[in-house]
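All chains should be modelled from the sequences, with the hints used to inform the complete structure.
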Amino acid sequence: MGKEKNEKVYTNPVRCKGCGYCIHACPKEAISVSDHVNAKGYNTIVVDADKCTVCGTCYRVCPDYVFEIR
Amino acid sequence: MRLVAPETVTFTQSGFCPGCGHGLAVRLIAEVMEEMELSEKLLAVVDVACGSLNIDSWRFDTIMAAHGRPIATAVGVKKVRKENPVMAYIGDGAAYSIGMAETMHTAIRNDNVVAIVINNSLYGMTGGQCAPTSLPGQITTSTPKGKDPKKAGMPFRVEQAFTGFDIAYLARGSMADAKGMVQSKKYIKKAFEKHMRGEGFCLVELLSPCPTNLNMTPVKSVERIKNEMIPFFPLGEFKDKKEEE
Numbered sequence: 088m089g090k091e092k093n094e095k096v097y098t099n100p101v102r103c104k105g106c107g108y109c110i111h112a113c114p115k116e117a118i119s120v121s122d123h124v125n126a127k128g129y130n131t132i133v134v135d136a137d138k139c140t141v142c143g144t145c146y147r148v149c150p151d152y153v154f155e156i157r
Numbered sequence: 100m101r102l103v104a105p106e107t108v109t110f111t112q113s114g115f116c117p118g119c120g121h122g123l124a125v126r127l128i129a130e131v132m133e134e135m136e137l138s139e140k141l142l143a144v145v146d147v148a149c150g151s152l153n154i155d156s157w158r159f160d161t162i163m164a165a166h167g168r169p170i171a172t173a174v175g176v177k178k179v180r181k182e183n184p185v186m187a188y189i190g191d192g193a194a195y196s197i198g199m200a201e202t203m204h205t206a207i208r209n210d211n212v213v214a215i216v217i218n219n220s221l222y223g224m225t226g227g228q229c230a231p232t233s234l235p236g237q238i239t240t241s242t243p244k245g246k247d248p249k250k251a252g253m254p255f256r257v258e259q260a261f262t263g264f265d266i267a268y269l270a271r272g273s274m275a276d277a278k279g280m281v282q283s284k285k286y287i288k289k290a291f292e293k294h295m296r297g298e299g300f301c302l303v304e305l306l307s308p309c310p311t312n313l314n315m316t317p318v319k320s321v322e323r324i325k326n327e328m329i330p331f332f333p334l335g336e337f338k339d340k341k342e343e344e
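Keeping their order, the protein sequence lines are chains G and U. Numbers in the numbering used here are just positions in the first sequence, counted from 1, shifted up by 87. Numbers in the numbering used here are just positions in the second sequence, counted from 1, shifted up by 99.
Honestly, I wouldn't trust all of these hints.
What the hints assert, rightly or not - Straight-line Cα separation of at most 30 Å, DSBU-like style, residue types lysine-lysine; simulated pairs: (1) U:Lys278 - G:Lys95; (2) G:Lys138 - U:Lys284; (3) U:Lys181 - U:Lys341; (4) U:Lys178 - U:Lys341; (5) G:Lys115 - U:Lys319; (6) G:Lys115 - U:Lys284; (7) G:Lys115 - U:Lys285; (8) U:Lys284 - G:Lys95; (9) U:Lys278 - G:Lys115; (10) U:Lys319 - G:Lys127; (11) U:Lys340 - U:Lys325; (12) G:Lys138 - U:Lys278; (13) U:Lys319 - U:Lys278; (14) U:Lys325 - G:Lys138; (15) U:Lys341 - G:Lys95; (16) U:Lys319 - G:Lys95; (17) G:Lys138 - U:Lys341; (18) U:Lys178 - U:Lys278; (19) U:Lys325 - G:Lys115; (20) G:Lys95 - U:Lys285.
Stated by the list, open to error - Residues of chain U clear of chain G, computed beta-carbon distances all greater than 12 Å: (21) Arg126; (22) Ser138; (23) Ile154; (24) Met203; (25) Lys244; (26) Asp247; (27) Gly252; (28) Asp265; (29) Ala277; (30) Glu298; (31) Pro310; (32) Lys319; (33) Ser320; (34) Asp339; (35) Lys341.
For the record, the hints were derived by calculation from the structure and aren't laboratory data. The beta-carbon is built from N, C-alpha and C at its ideal position, and this holds for glycine as well.
Written out as structure tokens, the structure reads:
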């Protein structure tokens, strides 16, 4: 676990439905609601790369596959 | 640690409500299928319910069964396609109420199919009515004053009913947090491994949030699973045939 080999969390806000599971689950409180509204009308999320430790929790709890860790 | 959801479920967007547990369960199944290299072979049978929206949003070959009877249909599919993994993807209403006879007789015969049961403690697609898995005092559209266990009975617990049968595998996982998701994936993978070895009926129940019909925010509905559902529906493996032998 932890940051290794320049892995990063990539988000795909088009898929986001604004449920907030990732914000609730993130152990580092690195995810927050953004002002951006996607085509479905949901406020999407934004990841603070400085706080993020790339633990993968957001990927595991997201029901709409917004996150990718690669 | 590379974590990318399989293409079999990300090629399009699903029609589920925000925070729906189906998206989580589907990803777990797709991940297991990708790891076992069975994505091309899986034959899924879905019910007439929210879960049937998956027909358009996953790439697996899918049959839609008569309401409540996906397990019976899956048994038939397995009999003619013995090489393929066959999965019935159903809700708690289909498994424990509408299709109880089919679930029960599949367990009695120990037919070689996998049943993934999504337990959200109510009927989702029809508008949140009281189900056999509803908790005592739970307010639903058909029990506005709360479910009375004296009238409707206590919640149905699959491990109490089915561990007496000679089935291959029975487990319950939670989809309320990342830890539960990792554990649930292990249960699903074990069920499919046993299924591919031909050991018999494998049932994995997943506790799922349903924010829309519980009239809760998505985050509150996962907190409800942790605080209210898990005390009634304990997690873990209840039947693992090979270990007992």
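Evaluation of the provided hints:
no. : hint                : in the structure
1   : U:Lys278 - G:Lys95  : 21 Å, holds
2   : G:Lys138 - U:Lys284 : 28 Å, holds
3   : U:Lys181 - U:Lys341 : 21 Å, holds
4   : U:Lys178 - U:Lys341 : 23 Å, holds
5   : G:Lys115 - U:Lys319 : 20 Å, holds
6   : G:Lys115 - U:Lys284 : 24 Å, holds
7   : G:Lys115 - U:Lys285 : 26 Å, holds
8   : U:Lys284 - G:Lys95  : 23 Å, holds
9   : U:Lys278 - G:Lys115 : 16 Å, holds
10  : U:Lys319 - G:Lys127 : 23 Å, holds
11  : U:Lys340 - U:Lys325 : 28 Å, holds
12  : G:Lys138 - U:Lys278 : 21 Å, holds
13  : U:Lys319 - U:Lys278 : 18 Å, holds
14  : U:Lys325 - G:Lys138 : 27 Å, holds
15  : U:Lys341 - G:Lys95  : 41 Å, violated
16  : U:Lys319 - G:Lys95  : 29 Å, holds
17  : G:Lys138 - U:Lys341 : 45 Å, violated
18  : U:Lys178 - U:Lys278 : 36 Å, violated
19  : U:Lys325 - G:Lys115 : 21 Å, holds
20  : G:Lys95 - U:Lys285  : 25 Å, holds
21  : Arg126              : 6 Å, violated
22  : Ser138              : 16 Å, holds
23  : Ile154              : 18 Å, holds
24  : Met203              : 31 Å, holds
25  : Lys244              : 29 Å, holds
26  : Asp247              : 32 Å, holds
27  : Gly252              : 31 Å, holds
28  : Asp265              : 34 Å, holds
29  : Ala277              : 4 Å, violated
30  : Glu298              : 28 Å, holds
31  : Pro310              : 7 Å, violated
32  : Lys319              : 10 Å, violated
33  : Ser320              : 9 Å, violated
34  : Asp339              : 24 Å, holds
35  : Lys341              : 28 Å, holds
Consistency note: the structure conflicts with the earlier hints numbered 15, 17, 18, 21, 29, 31, 32 and 33.
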